[in-house]
Structures are given as structure tokens and as C-alpha cells.
Amino acid sequence: MTRKQKRTFLLFAVFIAAGLALGLTLTALRTSITYFYTPSELLVLDAPPANTIRLGGLVEDGSLVHGEMSGVDVKNAVVSFTVTDGGATTAVRYAGLLPDLFREGQGVIVQGRLDERGTLIADTVLAKHDENYMPKEVMDALKEQGLWQDGEEVGS
Amino acid sequence: MNLLNDLANPVRFERYARMIFPAVLGFALLTGAAGLYFALFNSPADYQQGEAVRIMYVHVPAAWMSMFCYSVMAGASAVGFIWKHPLADVAAKETAPLGAGFTILALFTGSLWGKPMWGAWWVWDARLTSVLVLLFLYLGYMALWRAIPDKARAARLAAILAIVGFVNVPVIKFSVEWWNSLHQPASIIRADGPTIDGAMLTPLLLMIAAYMSAYVAMLLPSIRNELTARRLARLQFVDETRAAELVEQ
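Heads up: the protein sequence lines correspond to chains A and B, in order. Taken in order, the first sequence gives residues 20 to 175; the numbers are from my numbering. Taken in order, the second sequence gives residues 68 to 316; the numbers are from my numbering.
By construction, these hints were calculated from the structure, which means they are not laboratory data. From a predicted model like this one, the values you see are computed outputs, not experimental measurements. Ideal placement from N, C-alpha and C gives every residue a C-beta, glycine not left out. Possibly wrong hints are sitting among the right ones.
[As the list claims (entries may be wrong)] Covered stretches of chain A (chain B as the covering partner; in silico rule of three or more C-beta atoms under 8 angstroms from a C-beta of chain B):
| hint | region |
| --- | --- |
| 1 | 22-31 |
| 2 | 36-44 |
| 3 | 149-156 |
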């Protein structure tokens, strides 16, 4: 082997070793890297987690209920809604400010603890947006032609 | 003869760099101005995100450049390591601070975008975390160069760090597909084509062209600076050796 070949080999070996190490680490840590559970994944777990969890899914249409608001205390207004992933649903209660993108049918990630009845008492609500960008008029036109259903462009 | 060979290329490079620099800078300014005009004044608001979508036009190119610069750095490092080409080492070294700058810009604008849209400045999801790791890789790479006075040795070790760190680049790209994340999946580079409306894609592509040419426009003078600094150091070294010889006589 010439010196140049040796250096090339060394560099490849280092890269592959690093890749393998990272791959194994990420596989081992898969569950903790995942940012949130879905309601279905929550059902499959043997015991409901006792500590803080994150739950992700869509806010189910028609499930959003604004609770009693005491005076002008908007910051602590209680809302309840259910999060669905199409298969299972989880009820959520939250007191606080909701992000701008929060609405029914929108993807959200809520963080909190499950109570004994399986309701998630959230301390944080994050809104998730998808990869689609378009002007409102285009969206309206797509909807009108029936080319847009449940956040997916039909036939693309 | 060997020394001459090594010098020959950088000299030719410098002449070439000086020649194309004005054109690259002009292109960056032109595409940047056009891109910003479209991004801020002549593009529609998003159906969901409203006006806040305009942050995309500074955020996405910065994020792309953060990964592009790292790839350039790793590629140049490999060339420098295998073929012992000093110009490649210098290109890798001078790309690092620019890449780090783009990474900081991506993290910062992403944070500004995250607060109104997601409801959080920062979350520890796979995408955001892997980009933060990218920033630390850049900083570690720069620190390594500074920690070792011998340039040839510094280049070797820094190259290995750059190559090892390169495994993070595919992790960043696919983090939004491999794991559930708060960050959205890819909008442009995806199997079924872009999911961005044409009226928004135009300013975005213009801004990407502007960032890319701005990177080249900043890289060329810094490579020339580094080459000059090295030549100066060599001359000083020769001077000192000669002085020492004179003293001995």
C-alpha cells in the first residue's frame, strides 16, 4: 500500500466507524429521541407513564371546549380537546395561552402528565405545521375543486 | 521543486479568485436584492401561517448553507488529508467560520419563527438538536485549528474531526423522517416534488442563490488572506533562520 492509499483507507475506516457508532447509538436511543407519543402508541404501552410525556396528533374536529373563564384571566383559561391519530384518541385539558396555529384539525404536541382516568393534564401546547406552503386563494381553490382533503393534496 | 509545486497552485488560485470575485459579489447582491423584494413585498401570505411565513426566506437558505458548508468542509478536508493539498486544507479551514455563521443564523431565525408558530422558542426535538450539534462541530473544528501551532498537523487532525462529524449531516436531513419531531418534514427536496407554491418558491430559490454566492464571495478573500498570512509566516521563518545563521558565524 502506498502512503496515499493508507491515508484514504484510514479516512474511510474512521468515517465508517463513526457512522456505525452513531447508528447504533441512535437505534438504542430511539424511544428517547422520538419527540412525542401518538395516542395509539400510548395505548400499546403496558403501564401509562407516570412522568411527563409528550403526545402528538391532530386536534379532533368538534372536540374543542373552552371552559369557564374567570373575569379577564385569559392566561389561565381552561380548554379541553381530544387528540387523535386516526386510530385512538386521548383527552387533554390545558390552562394557558394557545399558539396562533392551534385550531381544530391542526397538528399539535401537548406535554403533561396523564391522570388516573387517562386524561392528559397539559402544561405546554405546541402547534405543529406541515410541509405545505401556499397562498390562501390557492388553498380555497383546491378545496372548491375537492382536491384537498384532511390536509393532503389529492392525487399528488 | 516540491515547494514550488505546492506554491504554484495557490498562486494560480489567487489570480483566478481575484478575477471572479467582483462577479460573484455582484451576483450575490443582485439575487439578494431581488429575493428580498419578492420575499417581503411581492409574495403571498401563507394560508396557515399568514405573514410569518416570510421568515422562511431567511431561515431555510441559512439552514441549507449550514449543511452545505459542512459538506464542503468535509470534502475539502478529505482531499487535503489524502492528497496533502494545502489549498484544500485552507478552503476547509476558511469555510468553518462561515458555516458556523449560517448555522447560528438558522438557529436564531428558526427560534424567532418557532415562538409564534409552534409556541416555543426552542424544543429538544431531533432536528433542532442535530443542528445544534452541527454548530458545536464547527466550533470544535475551529478550536482544533487554533490549538495546534503546526499547520500540517492541525490540518490532519481537523480533517479527521470534520470527516467524523460528517455523519451528522444525513442525520440532520432525515431527522424529520426517522423520528417524530415538532419540526416539519422537507418541503423542497422530497421524492414527490416541492410542496411549496410557485409564488413562494421563486423568492426562496432566489434567496438560496444569494446565500450560496455570498458564501463564495466571502470564502475567496478569506482563502487569499490565509495564503498571504502563511507566506508571511514562511518569510519570517526564513528571515529568522538566516539571522540565527549570521549570529553563529
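Hints and how they fare:
Coverage of the region 22-31 of chain A by chain B holds in this model, with 4 residues showing a Cβ closer than 8 angstroms to a Cβ of that chain against a need of three. Beta-carbon proximity to chain B at under 8 angstroms applies to 3 residues in the region 36-44 of chain A; the threshold of 3 is reached and the given coverage holds. For the region 149-156 of chain A, the assignment as covered by chain B holds, since 8 residues bring a beta-carbon within under 8 angstroms of that chain's beta-carbons and 3 suffice.
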